[in-house]
Amino acid sequence: MRNVYFKMWATGKYLYKAGYAVWLVVRKDRRRRIIATGIYAMPHQWDDRAEMLVTDRRIPDLHPDRVRLNIWLTQKKSEIFRIISDFENERTDWTLDQFEQAYLHLSAKRNVREYFLCLIDACKETGHIGNATCYERTLHILEVFDGSFARRVFPEIDIRYVKAFDIFLQKRRCRGNTRKFYFKVLRSAINKAIQDGEASRVTYPFGKGGFNVAALEEETAKRYLPKADMDKLKNTVVASRAQEIARRLFLFSYYCCGISFIDEALLTRKNIMRYEGGLYIVYKRTKTKEVKRVKPLRIRITDEIQELLDWFAANTELVEDYLLPVVSCTGYSGERLYKHIRCRYGRNNRNLSALAATLGITDIRLTSYCARHTMAMTLQDNNVPREIISQILGHRDLATTNVYLDSFSTSVIDEAVKVL
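Take 2 as the starting number for the sequence shown in the working numbering and just add one per residue.
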């Protein structure tokens, strides 16, 4: 495409302190437009034929930033090709002014990787460390998939790109739910980019007629305890101190309406409040606390909850004002606190696995998340309406609650078929 090219003019007219300027040259209808690139180099550092900075190590005094700038020039060539292709597809007899406007507008936008990094920084600055981790994980796997991802701009993340990414994930033996996770994060980033004017809906790979993320979902093994196993967990005090703490943390989550591990870890004395003559634990879920109009959850402190709080206070070392022995170091906040709790989460689940072996619980893999599912299923088995269960779980819509409860226990089905 010799009507559009990068060129250095090695004349005194274009000599600057940093060297000679490299320009983008556009020719059409015997007219020429030159656009500054902001790149400066000496004549021996520029390859006019390749339209790149020289990288041959046999040449002395190479440009110190040649690798990054050559990546940038390659990206710009891709953008230029896209602009002219769009003009041709739309049968536009474009002018130099139209090209310059389109080029400068596109060049002002960040590439996909840069936008991901901005999202990660924004999440960390606002305390959404979990979301930041999701973006970091997805960015990493995209960079593994695509060696040129650092130069990708949003129009390149089209339906073909997304399908190729899915094939890559399948070859890595990623399960459907893992693939769904990556695509939901990628979709979220593109949606935010569209809102920010960084991307366009023209090449949007999801939505109607696009890549179907929901179709990737697989049914997971149910994570709730049968009543007999739950009774064992409630009534058996174990000799291992680590397992006993894990058992009581599990029960605390169960009696506190399925509070998540990170939310129970963050509870302090300030979360205990008095309402209508009773004491309540009042908190907002970390997962949704920044969502508009999300109300705090109130959990009445029952005898079971109070007994657990008293046991932790008497038998464990609590730091600062925390109610439970999860956070074990003082002065942690932000990302450091989040990573500390994640580390403790892994240790707690290992202790729960050992506890399951001690109690002879073999039907499911015992994790802290089982407490939330078991609580929800227990309510359903006792004919509590799903709308109320949804509110107890802190869900924003009933569809999320239905994921927990769509499979009834075997005993319920066995009882139902007796009428046949």
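Worth flagging that the hints you see were computed from the coordinates, not collected in a lab. A couple of the hints might just be wrong.
Stated by the list, open to error - Each pair of labels, with its calculated beta carbon distance range:
#: 1; residue 1: S354; residue 2: N383; range: 26 to 32 Å
#: 2; residue 1: W95; residue 2: G210; range: 42 to 48 Å
#: 3; residue 1: T96; residue 2: G335; range: 23 to 29 Å
#: 4; residue 1: R28; residue 2: G210; range: 37 to 43 Å
#: 5; residue 1: G211; residue 2: E115; range: 39 to 45 Å
Unchecked claim - Below are the DMTMM-like pairs computed for lysine to aspartate or glutamate, each with C-alpha atoms no more than 25 Å apart in a straight line:
#: 6; residue 1: K164; residue 2: E126
#: 7; residue 1: K193; residue 2: D232
#: 8; residue 1: K296; residue 2: D322
#: 9; residue 1: K172; residue 2: E101
#: 10; residue 1: K340; residue 2: E318
#: 11; residue 1: K78; residue 2: D122
#: 12; residue 1: K172; residue 2: E199
#: 13; residue 1: K181; residue 2: E144
#: 14; residue 1: K193; residue 2: D230
#: 15; residue 1: K125; residue 2: E305
#: 16; residue 1: K77; residue 2: E144
If you're wondering where the values come from, they're calculated on a predicted model, not measured in any experiment. Just so it is clear, CB atoms sit at the ideal spot from N, CA and C, and this is done for glycine as well.
Inset, instruction - For the pair supplied as a hint, K172 and E199, confirm whether the alpha-carbon distance does not exceed 25 Å. - result: Not satisfied, since the Cα-Cα distance of roughly 31 Å exceeds 25 Å.
Inset, instruction - Take a look at whether the Cβ-Cβ distance between W95 and G210 falls inside 42 to 48 Å. - result: violated, 29 Å
Legend entry - Straight-line alpha-carbon gap K78 to D122, limit 25 Å: Not satisfied, since the Cα-Cα distance of roughly 29 Å exceeds 25 Å.
Inset, instruction - Would you check the hint for K172 and E101, treating anything up to 25 Å between C-alpha atoms as holding? - result: Violated - the C-alpha atoms of E101 and K172 are around 42 Å apart, more than 25 Å.
Legend entry - Given pair status - D230, K193, alpha carbons within 25 Å: Distance ~45 Å between K193 and D230 Cα, so the pair is violated.
Legend entry - Hint consistency between K193 and D232 [alpha-carbon to alpha-carbon, up to 25 Å]: violated, 47 Å
Inset, instruction - For the pair supplied as a hint, K77 and E144, confirm whether the alpha-carbon distance does not exceed 25 Å. - result: The given pair, whose Cα atoms are some 20 Å apart, holds under the 25 Å limit.
Legend entry - Assessment of proposed distance window 39 to 45 Å (beta carbons of G211, E115): At roughly 24 Å between Cβ atoms, E115 and G211 fall outside 39 to 45 Å, so the hint is violated.
Legend entry - Cβ separation of R28 and G210, checked against the hinted range 37 to 43 Å: holds, 39 Å
Legend entry - Hinted pair K296 and D322, Cα distance within 25 Å: holds, 23 Å
Legend entry - C-beta pair T96, G335: status relative to the range 23 to 29 Å that was hinted: violated, 51 Å
Legend entry - Distance restraint between K340 and E318, which requires alpha-carbon spacing of 25 Å or less: holds, 20 Å
Violated hints for the displayed structure, listed by number in ascending order: 2, 3, 5, 6, 7, 9, 11, 12, 14 and 15.
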